[in-house]
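Protein chains: 2
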Amino acid sequence: MRKNCIVAQSGGPTAAINASLAGVINGVINSDKYDKIYGAIHGIQGVFKKQFIDLVELSQEYNSSIYHLSATPAMYLGSCRYKMPLPDESPETYKQIFDIFEEMNVGAFFYIGGNDSMDTAHKLSIYAAQTGSDVKIAGIPKTIDNDLVNTDHTPGFGSAAKYIATSMLEIAHDTYIYDLPTVTIVEIMGRDSGWLTASAALARNTYNITPQLIYLPEVPFSRAKFLDDISENITANKNVVVAVSEGIRNKDGEYICASDASYDNFGHARLSGAGKTLEYLVKDKLGIKVRSIELNILQRCAGHLSSRADIDEAIKLGESAVKFTAEGNSGFMTSTTRTSDTPYLYTIGMSDLSHIANQIKTVPLEWITPEGNDVTKELIDYIKPLIQGELSHSFRDGLPVYMDIPHLVHRS
Amino acid sequence: MRKNCIVAQSGGPTAAINASLAGVINGVINSDKYDKIYGAIHGIQGVFKKQFIDLVELSQEYNSSIYHLSATPAMYLGSCRYKMPLPDESPETYKQIFDIFEEMNVGAFFYIGGNDSMDTAHKLSIYAAQTGSDVKIAGIPKTIDNDLVNTDHTPGFGSAAKYIATSMLEIAHDTYIYDLPTVTIVEIMGRDSGWLTASAALARNTYNITPQLIYLPEVPFSRAKFLDDISENITANKNVVVAVSEGIRNKDGEYICASDASYDNFGHARLSGAGKTLEYLVKDKLGIKVRSIELNILQRCAGHLSSRADIDEAIKLGESAVKFTAEGNSGFMTSTTRTSDTPYLYTIGMSDLSHIANQIKTVPLEWITPEGNDVTKELIDYIKPLIQGELSHSFRDGLPVYMDIPHLVHRS
Numbered sequence: 001m002r003k004n005c006i007v008a009q010s011g012g013p014t015a016a017i018n019a020s021l022a023g024v025i026n027g028v029i030n031s032d033k034y035d036k037i038y039g040a041i042h043g044i045q046g047v048f049k050k051q052f053i054d055l056v057e058l059s060q061e062y063n064s065s066i067y068h069l070s071a072t073p074a075m076y077l078g079s080c081r082y083k084m085p086l087p088d089e090s091p092e093t094y095k096q097i098f099d100i101f102e103e104m105n106v107g108a109f110f111y112i113g114g115n116d117s118m119d120t121a122h123k124l125s126i127y128a129a130q131t132g133s134d135v136k137i138a139g140i141p142k143t144i145d146n147d148l149v150n151t152d153h154t155p156g157f158g159s160a161a162k163y164i165a166t167s168m169l170e171i172a173h174d175t176y177i178y179d180l181p182t183v184t185i186v187e188i189m190g191r192d193s194g195w196l197t198a199s200a201a202l203a204r205n206t207y208n209i210t211p212q213l214i215y216l217p218e219v220p221f222s223r224a225k226f227l228d229d230i231s232e233n234i235t236a237n238k239n240v241v242v243a244v245s246e247g248i249r250n251k252d253g254e255y256i257c258a259s260d261a262s263y264d265n266f267g268h269a270r271l272s273g274a275g276k277t278l279e280y281l282v283k284d285k286l287g288i289k290v291r292s293i294e295l296n297i298l299q300r301c302a303g304h305l306s307s308r309a310d311i312d313e314a315i316k317l318g319e320s321a322v323k324f325t326a327e328g329n330s331g332f333m334t335s336t337t338r339t340s341d342t343p344y345l346y347t348i349g350m351s352d353l354s355h356i357a358n359q360i361k362t363v364p365l366e367w368i369t370p371e372g373n374d375v376t377k378e379l380i381d382y383i384k385p386l387i388q389g390e391l392s393h394s395f396r397d398g399l400p401v402y403m404d405i406p407h408l409v410h411r412s
Numbered sequence: 001m002r003k004n005c006i007v008a009q010s011g012g013p014t015a016a017i018n019a020s021l022a023g024v025i026n027g028v029i030n031s032d033k034y035d036k037i038y039g040a041i042h043g044i045q046g047v048f049k050k051q052f053i054d055l056v057e058l059s060q061e062y063n064s065s066i067y068h069l070s071a072t073p074a075m076y077l078g079s080c081r082y083k084m085p086l087p088d089e090s091p092e093t094y095k096q097i098f099d100i101f102e103e104m105n106v107g108a109f110f111y112i113g114g115n116d117s118m119d120t121a122h123k124l125s126i127y128a129a130q131t132g133s134d135v136k137i138a139g140i141p142k143t144i145d146n147d148l149v150n151t152d153h154t155p156g157f158g159s160a161a162k163y164i165a166t167s168m169l170e171i172a173h174d175t176y177i178y179d180l181p182t183v184t185i186v187e188i189m190g191r192d193s194g195w196l197t198a199s200a201a202l203a204r205n206t207y208n209i210t211p212q213l214i215y216l217p218e219v220p221f222s223r224a225k226f227l228d229d230i231s232e233n234i235t236a237n238k239n240v241v242v243a244v245s246e247g248i249r250n251k252d253g254e255y256i257c258a259s260d261a262s263y264d265n266f267g268h269a270r271l272s273g274a275g276k277t278l279e280y281l282v283k284d285k286l287g288i289k290v291r292s293i294e295l296n297i298l299q300r301c302a303g304h305l306s307s308r309a310d311i312d313e314a315i316k317l318g319e320s321a322v323k324f325t326a327e328g329n330s331g332f333m334t335s336t337t338r339t340s341d342t343p344y345l346y347t348i349g350m351s352d353l354s355h356i357a358n359q360i361k362t363v364p365l366e367w368i369t370p371e372g373n374d375v376t377k378e379l380i381d382y383i384k385p386l387i388q389g390e391l392s393h394s395f396r397d398g399l400p401v402y403m404d405i406p407h408l409v410h411r412s
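So the sequence lines, in the order shown, correspond to chains A and B.
Sequence positions in the first sequence follow this note's numbering and run 1 to 412.
Sequence positions in the second sequence follow this note's numbering and run 1 to 412.
Accuracy of the hints is not assured; some may be wrong.
Said to hold, decoys possible - Only part of the chain A face toward chain B is listed, based on derived beta-carbon distances under 7 Å:
1. M1
2. G78
3. G253
4. E254
5. C301
6. M403
7. D404
No lab work stands behind these hints, which were simulated from the structure alone.
Cβ atoms here follow ideal geometry from the backbone N, Cα and C, with glycine treated the same way.
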């Protein structure tokens with residue numbers, strides 16, 4: 001008898017996470033090993049609560065839903081922020097999950113998410129190994145932050161980078177119009193890694209020299225050096241644009257906007273205000289006309305400007321996860337290995353979950369200029385292939401058409 | 001001998017102001033009355049400084065430049081914020097300008113801009129009338145705020161409204177993913193009029209009920225009522241999204257974020273922080289998970305998501321200005337009169353500049369619900385035709401291709 005599968009999504013939204021879901025659905029439909037594919041609502045918590053959607057049925061109901069789903073931002077199945085206990089600490093938690101797996105004749109569980117989700121998948125695979133369960137556990141990467149190790153990059157990053165670079169180019173056009181010195185500071189997401197902020201450099205072209213300054217969390221931030229950098233650039237270029245990571249810290253590791261820091265369940269600091277802090281600094285110390293802009297959550301959920309390269313790859317990583325579990329593999333995350341920048345070529349493989357969870361891939365220091373205020377050509381060449389191509393979005397009444405999510409909407 | 005023309009742009013950027021410039025260039029090229037069309041760099045100040053670009057030459061140099069220009073956000077010619085003295089106060093200022101007009105054999109001057117720009121155009125036309133000059137003066141409207149009187153709406157508003165509605169829909173997808181009560185507050189531009197904030201309502205569709213609450217500057221804002229509104233909605237809907245204008249004021253006319261207010265040359269208050277202020281209010285008083293998002297300048301310069309209806313109309317308003325001056329008219333702003341919502345039909349005419357400058361068109365109170373926390377169907381029907389259609393953008397290396405602006409970029 002063919003087994004069924006469960007898929008869930010977790011962590012923060014991206015523009016590509018539903019493309020990986022579409023890939024998993026496609027993979028199961030085209031597999032002779034699996035029968036049904038159920039989507040758990042709100043991540044692993046949907047498994048506990050037995051809240052499932054029959055996704056094969058869904059894909060039959062909507063004719064072209066798989067590709068429509070791929071173009072829809074954020075989690076179609078909803079998300080959760082739930083930290084699983086260790087199997088040894090709470091075996092009953094795991095027993096509950098695996099009892100449900102058995103009850104539903106589940107052969108494979110797919111978790112699409114970032115670092116914390118890979119931690120959950122890893123723990124599930126440990127428990128499966130300990131108890132001799134034959135349920136295969138697979139992680140599928142997603143995170144705009146691009147901070148997962150053992151993969152060339154993560155789906156979601158390319159679309160976010162495309163949105164950031166496009167926004168930076170449009171901000172440049174907005175900035176050059178006045179004939180007086182101006183500083184524009186753009187705060188970009190990225191708590192511990194500077195990949196997203198670095199992608200601002202892709203806005204540079206034959207006429208646009210901005211952003212002239214880029215500050216990543218990988219390099220200790222000095223207020224004095226920053227003010228020197230601004231002073232030097234404003235004389236030469238008049239309109240200066242700065243890309244700055246929300247996570248910049250001084251040499252003692254203190255966030256530049258420490259007063260706003262608080263901590264979430266996973267012990268991550270929640271930040272806001274690096275851009276605002278630097279805006280006030282420029283105003284107070286240099287007296288130059290200055291503004292700050294926070295790109296905020298639109299950089300992760302702007303589905304109308306997804307990267308086709310990103311979406312295509314996210315689908316393939318989902319399909320491959322199904323293929324690999326069907327071949328008997330478990331405890332892995334699908335990952336990409338780049339074999340060439342131009343033309344962009346990559347292979348898809350498996351990375352052991354035990355080597356991924358709770359690690360962070362930061363920008364290599366050799367891809368940051370010695371002055372610590374810009375990125376090198378190598379970093380631009382790395383990002384460039386990931387933002388190529390656009391989706392052909394349907395529009396209705398002037399707005400992009402996304403997949404309906406009635407199961408997530410609470411109405412009075 | 002055929003006369004020449006000068007065109008300039010002023011005020012804040014929009015996604016459609018270059019489409020009106022393209023319309024003026026088109027109009028002059030196709031006119032048998034005019035010869036050259038010069039673009040003044042940085043608004044009226046470019047006239048004083050005699051900084052001009054030959055735009056006919058430009059359009060010959062770049063094959064399809066007129067349409068390429070239409071798709072480029074912000075001012076191709078640069079902008080200025082220069083308040084003209086009254087002709088009686090400083091006749092020498094006007095003499096200087098009209099001497100340059102005569103020297104360059106100018107028959108018509110076109111100023112594309114908002115309220116302050118129409119003020120400048122109006123003063124120039126007063127001086128021309130007083131001195132018997134035959135230079136025709138025409139204004140062409142643009143402002144994302146949609147606050148000019150005597151025209152159905154202003155170019156630039158439709159594209160901004162499309163960006164805002166799309167962003168609100170994407171924020172909705174980002175908001176529904178968690179299975180816990182959340183409040184998301186989105187701050188939208190609009191100092192004195194709520195048109196832009198109202199356009200957030202267009203994000204609602206068959207599955208998306210957000211934003212549930214919309215607050216415009218036309219209605220006095222009460223913190224107590226706001227907290228009641230949130231409490232009522234959070235119980236019923238779990239995920240509440242609020243659209244709020246940057247310009248909301250209490251019943252005494254004080255901005256909700258008064259501490260941030262300062263004043264620019266035109267006596268307008270510069271605001272920031274209405275969203276942040278309400279975020280802290282919800283957090284402190286209700287203890288609900290809350291975040292605030294400021295759409296910021298991207299709502300005016302996101303050329304990749306322009307409304308085709310908006311761009312097409314902006315071109316026509318530019319072309320018509322040339323036609324009207326060629327017919328001997330002066331001292332007018334081109335304007336639209338709507339004759340039908342569905343299908344959307346309008347005519348283009350002239351509004352006397354003396355009735356436009358320094359007036360503000362606010363949202364009619366009958367288009368705001370009696371509770372003051374939402375807009376009516378009439379307002380949605382008014383905005384809907386203005387966000388229809390998309391441009392076919394060229395992309396290169398993953399980014400939209402805009403017109404080069406080397407004349408605005410200062411390099412070291």
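Against the structure, the hints come out as follows:
Given the 7 Å rule on beta carbons, the hint for M1/A is violated: about 33 Å separates it from the nearest Cβ of chain B. Given hint, G78/A at the interface with chain B, holds; its Cβ is 5 Å from that chain's nearest Cβ, closer than 7 Å. Look at G253/A: its Cβ only gets to about 26 Å from chain B, farther than 7 Å, so that hint breaks. With a cut of 7 Å, the hint placing E254/A at the interface with chain B is violated, because the nearest CB-to-CB distance is about 22 Å.
For C301/A, the suggested interface contact is upheld, since its CB lies about 4 Å from the closest CB of chain B, less than 7 Å. The restraint placing M403/A at the interface with chain B is violated, with a minimum CB-CB distance near 9 Å, outside the 7 Å limit. Satisfaction of the interface hint for D404/A is found here, the shortest Cβ-Cβ separation to chain B being roughly 4 Å, below the 7 Å cut-off.
Comparing the model with each numbered hint stated earlier shows that hints 1, 3, 4, 6 do not hold.
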